[in-house]
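Q: Sequence:
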Amino acid sequence: MGVEIERKFLVNQEIWQQLEKPNGVHYHQGYIPSDDSCTVRVRIAGERGYLTLKGKTKGFSRKEFEYEIPFADAQEMLNEFTRTGTEKIRYHIAIGTHVWEVDEFLGPNKGLFVAEIELRDESEPFAIPAWIGEEVTNDRRYANSNLAVHPFLEW
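Heads up: the sequence shown runs through residues 1 to 155, numbered per the UniProt record's numbering.
None of these hints come from the bench; they were simulated from the model. Since this is a predicted model, take the numbers as computed values, not measurements. Think of the CB as a built atom: it goes at the ideal place given N, C-alpha and C, for glycine as much as any other residue. Each hint should be verified, as a subset may be incorrect.
What the hints assert, rightly or not - Label pairs and their computed distance ranges (CB to CB):
# : residue 1 : residue 2 : range
1 : D121      : H26       : 15 to 23 angstroms
2 : K63       : P33       : 13 to 21 angstroms
3 : E14       : E66       : 18 to 26 angstroms
4 : S123      : V99       : 29 to 37 angstroms
5 : P22       : F126      : 13 to 21 angstroms
Produce the complete structure using the sequences and hints provided.
A: Here it is in structure tokens:
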């Protein structure tokens, strides 16, 4: 069984913009209608396709199953089965033994920058870089599935 343990933070854009960063990867993702117990996501990341099922969050953890699927299938699923979605540029930043994923949202979520870190244990310590701002792990507004329905620019 897959378990995702993740913490989520806003990014201090003033500091972030001054950093030298690696190239980001364009993500386009959509959500297949489901109930409150599960989120079903189809994602294209660069030239790769993925299908992901995520359970309800408890603390910082939730069940997660992610599978790479053929790129053409991901494109067709996005077109045929999703009603809402998000687009973003994702940057991977290694700090210590962890990798931060920083998302620069596009379209109706433009201007929002969110950083996530995945952990092996909910109490695992990690370094917090200077460009990390307020923690929003438990604020559902920042969930990608929510941003697809209630975009940042409409807040």
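Q: All the hints need checking, so say for each whether the structure fits it.
A: Each hint tested on the structure:
1. The hint said 15 to 23 angstroms for the Cβ distance between D121 and H26, and at roughly 32 angstroms that hint is violated.
2. For the pair K63 and P33, the supplied restraint of 13 to 21 angstroms holds, since their beta-carbon distance comes to about 19 angstroms.
3. Between E14 and E66 the C-beta distance comes to about 33 angstroms, which lies outside the given range of 18 to 26 angstroms.
4. Distance hint check: the CB atoms of S123 and V99 are about 19 angstroms apart, inconsistent with the given range 29 to 37 angstroms.
5. Checking the proposed 13 to 21 angstroms range against P22 and F126 shows it holds: the Cβ atoms sit about 19 angstroms from each other.
Checked against the numbered hints above, the structure breaks hints 1, 3 and 4 and satisfies the rest.
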